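Visitor: Put together the whole structure using the sequences plus the hints.
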Amino acid sequence: MTAKLANGDNDVRLRGGRWWAQVGWKHVFALLMIVYCVFPLLYVLSASLNPTGTLTGSVNLFSAFTADHYAELMASDFPKWMLNSFIVSTSTAVGTVVMAAAAAYAFSRFRFKGRRGGLTALLIIQMFPQMLAFVAIFLLVLTLGKVFPFLGIGSNITLICVYLGGALGANTFLMYGFFNTIPMEIDEAAQIDGATHAQIFWGIVMRLVTPILAVVGLLSFVGSYGEFILARIILARPENYTLAVGLYVWGSDERNAPWALFAAGAVVAAIPIILLFMYLQKYIVSGLTAGGVKG
Amino acid sequence: MSSTSTETPRRVSHARDFTRPGFYVKLVLMMLVNAFGLYGIMASFGQEKWALLAFLAVTLVVVDFVYFSKRAIPAKYLLPGLIFLILFQVYVMANTAYVAFTNYGDGHNDAKGPAITQIMKTADRRVEGTSTFPVTVLDRNGEIAFAIVEDGEPRIGDAETPLESAGNAVVDGERVVEVPGADVLNLGQIQQRQKEVLDLRVSMTDDPNDGWLRTDNATMAFVAKSLLTYDAQADTFTNQDGKVFHADGERGLFVAEDGSTLTPGWKVVVGFENFQRMFTDSRLSGPFMSSLVWTFAFAILSVLTTFALGLILAVVFNDPRVKGRTFYRAMFILPYAFPGFLAALVWRGLLNRDFGFINQVLLGGVDVNWLGDGNLAKLSIILVNLWLGFPYMFLVTTGALQSIPGELTEAAVVDGAGPLRRFFSITLPLLLVSVAPLLISSFAFNFNNFSLIFMLTGGGPNYPGTPAPIGETDILISMVYAIAFEGGNKQYGLAAAMSITIFFVVGLVSWLGFRQTRKLEEIM
Numbered sequence: 001m002t003a004k005l006a007n008g009d010n011d012v013r014l015r016g017g018r019w020w021a022q023v024g025w026k027h028v029f030a031l032l033m034i035v036y037c038v039f040p041l042l043y044v045l046s047a048s049l050n051p052t053g054t055l056t057g058s059v060n061l062f063s064a065f066t067a068d069h070y071a072e073l074m075a076s077d078f079p080k081w082m083l084n085s086f087i088v089s090t091s092t093a094v095g096t097v098v099m100a101a102a103a104a105y106a107f108s109r110f111r112f113k114g115r116r117g118g119l120t121a122l123l124i125i126q127m128f129p130q131m132l133a134f135v136a137i138f139l140l141v142l143t144l145g146k147v148f149p150f151l152g153i154g155s156n157i158t159l160i161c162v163y164l165g166g167a168l169g170a171n172t173f174l175m176y177g178f179f180n181t182i183p184m185e186i187d188e189a190a191q192i193d194g195a196t197h198a199q200i201f202w203g204i205v206m207r208l209v210t211p212i213l214a215v216v217g218l219l220s221f222v223g224s225y226g227e228f229i230l231a232r233i234i235l236a237r238p239e240n241y242t243l244a245v246g247l248y249v250w251g252s253d254e255r256n257a258p259w260a261l262f263a264a265g266a267v268v269a270a271i272p273i274i275l276l277f278m279y280l281q282k283y284i285v286s287g288l289t290a291g292g293v294k295g
Numbered sequence: 001m002s003s004t005s006t007e008t009p010r011r012v013s014h015a016r017d018f019t020r021p022g023f024y025v026k027l028v029l030m031m032l033v034n035a036f037g038l039y040g041i042m043a044s045f046g047q048e049k050w051a052l053l054a055f056l057a058v059t060l061v062v063v064d065f066v067y068f069s070k071r072a073i074p075a076k077y078l079l080p081g082l083i084f085l086i087l088f089q090v091y092v093m094a095n096t097a098y099v100a101f102t103n104y105g106d107g108h109n110d111a112k113g114p115a116i117t118q119i120m121k122t123a124d125r126r127v128e129g130t131s132t133f134p135v136t137v138l139d140r141n142g143e144i145a146f147a148i149v150e151d152g153e154p155r156i157g158d159a160e161t162p163l164e165s166a167g168n169a170v171v172d173g174e175r176v177v178e179v180p181g182a183d184v185l186n187l188g189q190i191q192q193r194q195k196e197v198l199d200l201r202v203s204m205t206d207d208p209n210d211g212w213l214r215t216d217n218a219t220m221a222f223v224a225k226s227l228l229t230y231d232a233q234a235d236t237f238t239n240q241d242g243k244v245f246h247a248d249g250e251r252g253l254f255v256a257e258d259g260s261t262l263t264p265g266w267k268v269v270v271g272f273e274n275f276q277r278m279f280t281d282s283r284l285s286g287p288f289m290s291s292l293v294w295t296f297a298f299a300i301l302s303v304l305t306t307f308a309l310g311l312i313l314a315v316v317f318n319d320p321r322v323k324g325r326t327f328y329r330a331m332f333i334l335p336y337a338f339p340g341f342l343a344a345l346v347w348r349g350l351l352n353r354d355f356g357f358i359n360q361v362l363l364g365g366v367d368v369n370w371l372g373d374g375n376l377a378k379l380s381i382i383l384v385n386l387w388l389g390f391p392y393m394f395l396v397t398t399g400a401l402q403s404i405p406g407e408l409t410e411a412a413v414v415d416g417a418g419p420l421r422r423f424f425s426i427t428l429p430l431l432l433v434s435v436a437p438l439l440i441s442s443f444a445f446n447f448n449n450f451s452l453i454f455m456l457t458g459g460g461p462n463y464p465g466t467p468a469p470i471g472e473t474d475i476l477i478s479m480v481y482a483i484a485f486e487g488g489n490k491q492y493g494l495a496a497a498m499s500i501t502i503f504f505v506v507g508l509v510s511w512l513g514f515r516q517t518r519k520l521e522e523i524m
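Protein chains in written order, with full-length UniProt numbering: chain A, 1 to 295; chain B, 1 to 524.
Hint data in this document are derived by calculation from the structure and do not stem from the laboratory. Please note that a few of the clues may not be correct.
Here are the computed lysine-lysine pairs in the PhoX-like style, where the Cα-Cα straight-line distance is at most 25 Å [stated by the list, open to error]:
#  : chain 1 : residue 1 : chain 2 : residue 2
1  : B       : Lys49     : B       : Lys112
2  : B       : Lys112    : B       : Lys225
3  : A       : Lys113    : B       : Lys76
4  : B       : Lys225    : B       : Lys243
5  : B       : Lys490    : A       : Lys146
6  : B       : Lys243    : B       : Lys112
7  : B       : Lys26     : B       : Lys76
8  : B       : Lys490    : B       : Lys49
9  : B       : Lys26     : B       : Lys70
10 : B       : Lys49     : A       : Lys146
11 : B       : Lys323    : A       : Lys26
12 : A       : Lys146    : B       : Lys195
13 : A       : Lys146    : B       : Lys112
14 : A       : Lys113    : B       : Lys70
15 : B       : Lys195    : B       : Lys225
Only a predicted model underlies this, so the values are computations on that prediction, with no experimental measurement involved.
Guide: Structure follows, in structure tokens:
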């Protein structure tokens with residue numbers, strides 16, 4: 001932000017034509033971009049408040065208002081989907097953070113046989129997204145369901161387990177790099193004071209790496225909140241749907257679709273994620289950048 | 001004991017110290033894990049799932065060893081994540097590779113034994129002179145089952161398990177009226193699941209030659225036997241007309257001299273057949289090749305367009321003289337914060353041909369078939385993805401731009417380079433060094449951007465005559481989905497073979513890409 005401008009011109013007090021040529025047009029450009037960014041969102045908001053409740057009626061932006069669709073939403077399966085989504089995403093985020101942090105701790109703090117090999121293997125596995133194997137995941141879940149009835153098709157627990165399968169591959173490296181920046185001397189000092197490895201992990205290291213835990217937790221929450229293909233394959237009954245699957249069913253059927261209901265659902269489903277992003281955007285950006293570079 | 005046990009022998013891990021809560025937490029957790037594992041081992045034994053049984057047994061032994069041993073400290077931290085990784089990522093990848101070489105799918109769903117039983121059951125007739133039974137239709141964990149009374153003893157069976165005696169069932173006269181752990185279906189429920197009930201064949205015993213129970217009115221069941229006779233010695237089926245079907249182990253089918261076959265077949269390894277089909281099956285190869293080209297085009301164009309717009313925005317607004325940049329930034333990030341699956345559905349509504357906002361209002365009532373015409377649908381996908389993706393590029397290029405040292409541009413100014421020259425010779429190359437890996441990740445992501453395609457166009461407009469609903473805007477992964485789950489005929493083998501192809505492409509691109517970026521760094 002404080003970097004000098006490329007042309008060396010740092011004078012903020014430009015006037016008239018020069019101001020327009022150098023700065024003013026950027027505000028106009030920004031305004032156009034804001035319209036582009038915001039109009040689909042305003043459209044959903046308007047559609048959700050529109051009394052006609054159909055795609056046809058929704059073209060007149062903010063022409064009339066009703067909260068009926070939101071009331072209707074609360075009486076539908078939607079609250080269940082929202083709850084399912086929150087349970088699945090929160091469990092996935094917490095599980096991912098704990099398992100990836102534990103693995104990163106092992107790789108960063110201990111020297112053991114197979115350490116280098118393990119890191120390399122993770123790097124290679126990471127290149128292949130888990131969701132590509134969705135056919136095999138479906139077949140595996142069919143088998144699991146026969147042995148453990150609560151782990152079969154249609155169970156949210158299954159979905160969490162499948163998401164957790166991707167926990168190590170994507171996040172260990174991100175965390176490993178961060179763990180390495182915490183000096184070993186801290187661990188050693190704690191060891192001399194009589195701390196066990198578990199105490200060092202939970203009590204010291206985990207506290208010092210909180211920023212990266214937040215990033216990974218957040219990314220995995222947002223990721224599983226919007227994940228569709230695995231959820232669609234695994235969840236069979238409407239009462240088990242997550243938001244992604246449920247709203248797809250509502251939004252994709254153009255002719256008979258409860259379009260206003262979908263729009264209201266979209267607004268409610270998007271608000272927590274947008275707030276999360278706005279509040280934590282710096283963390284998210286740093287996490288995304290670091291994740292990409294490490295890979 | 002801790003990792004430095006030799007120096008401080010008296011120190012004991014809290015998870016081993018009986019006076020500490022850590023010990024009890026560990027104890028309870030290990031008890032739960034062992035209970036779960038043992039239950040799983042017994043259940044997989046009962047279900048004859050040997051691979052799962054082996055996996056559970058090995059895992060349980062390893063877990064117990066690692067957590068009760070004083071050594072193996074790194075393993076204590078690695079194991080939980082590793083188990084999930086092995087089962088839900090490594091195993092499924094390996095299994096994808098295996099399934100790709102089989103004919104697994106509808107018509108080849110199971111091993112040979114069940115397939116033989118199934119073949120016999122598809123062509124059956126009532127055995128004259130056998131008795132009928134009053135039947136009770138049950139729902140056992142979602143599966144329909146029949147309960148009858150035979151020689152005064154209640155017996156229950158379903159599609160997979162032959163009749164077995166159920167001592168705890170409540171019998172009233174000749175009919176079972178209540179079964180613990182199962183629901184007795186009433187007439188209304190039977191009506192709803194009519195087809196399931198009528199299609200159900202419950203084997204009398206393990207031997208398919210003993211016949212099976214079926215019903216056509218859900219109150220009385222009769223014994224039926226196959227019109228086909230199976231000769232286990234010769235491994236052949238003979239039908240009423242005396243036509244003989246020989247088992248063909250390579251295709252997993254019973255085939256007659258004249259080429260006619262019996263369904264279903266069974267699962268066999270077919271080698272590279274699935275891979276060949278992608279390129280040679282006339283109904284498939286055309287769509288497959290266009291989809292391959294489109295997938296690359298889509299992924300490359302997505303990266304280029306989003307990066308270009310993000311870069312322009314980043315360069316334009318990386319200017320301290322512009323007031324209100326924090327606000328602008330927050331607005332530009334909105335499309336990125338909006339969940340992607342919702343955005344695709346909202347745009348689908350906006351682009352609707354007859355009632356969409358774009359056609360009706362923005363373009364004043366024109367009739368543009370945005371999502372129904374192949375080329376327009378592709379254009380729409382790229383444009384929607386631009387909306388979704390540019391904020392990310394804007395954010396990362398802004399960050400990269402700010403980390404470029406100002407001295408370099410100053411030096412260029414002194415040397416007399418104009419703004420364009422400075423941008424293309426200094427800013428852009430430096431920017432690419434830090435952003436290139438992200439562009440490659442973005443390529444890999446878009447290469448498999450299933451939800452955008454599936455939600456926006458569903459892959460359509462569809463090609464006529466393909467074995468599964470495949471359309472012009474289908475990228476490879478959505479094509480795999482269609483083949484595996486959406487066609488009338490689910491072909492897991494073919495779908496897995498295509499997944500493997502995608503694996504290779506994505507792996508190759510990532511590898512080449514990262515090698516390339518290391519080169520970029522060396523140049524620096």
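Visitor: Can you confirm whether the C-alpha distance between Lys113/A and Lys76/B stays at or below 25 Å?
Guide: 14 Å, holds
Visitor: When you check the alpha-carbon spacing of Lys490/B and Lys146/A, does it fall within 25 Å?
Guide: With Cα atoms ~21 Å apart, Lys490/B and Lys146/A stay inside 25 Å; holds.
Visitor: Starting from Lys49/B, check that the Cα of Lys112/B is at most 25 Å away, please.
Guide: 16 Å, holds
Visitor: Given the proposed pairing of Lys243/B with Lys112/B, does the C-alpha separation stay at or below 25 Å?
Guide: Roughly 20 Å separates the two Cα atoms, so the pair holds.
Visitor: When you check the alpha-carbon spacing of Lys225/B and Lys243/B, does it fall within 25 Å?
Guide: The hint holds at about 18 Å.
Visitor: Between Lys49/B and Lys146/A, does the CA-CA distance stay at or below 25 Å?
Guide: 9 Å, holds
Visitor: With a cut-off of 25 Å on the C-alpha distance, tell me whether Lys146/A and Lys112/B pass.
Guide: Holds, because 20 Å separates the two Cα atoms, which is no more than 25 Å.
Visitor: Quick one, are Lys195/B and Lys225/B close enough, alpha carbons at most 25 Å?
Guide: Measuring from Cα to Cα gives roughly 20 Å; hence the hint holds.
Visitor: Can you confirm whether the C-alpha distance between Lys112/B and Lys225/B stays at or below 25 Å?
Guide: Judged against 25 Å, a Cα distance of about 19 Å means the pair holds.
Visitor: Does Lys113/A pair with Lys70/B here, judged by a C-alpha cut-off of 25 Å?
Guide: Within the cut-off at roughly 17 Å; holds.
Visitor: Quick one, are Lys323/B and Lys26/A close enough, alpha carbons at most 25 Å?
Guide: The given pair, whose Cα atoms are some 10 Å apart, holds under the 25 Å limit.
Visitor: Holds or violated: are the alpha carbons of Lys490/B and Lys49/B at most 25 Å from each other?
Guide: 23 Å, holds
Hint violations for this structure: none, all hints satisfied.
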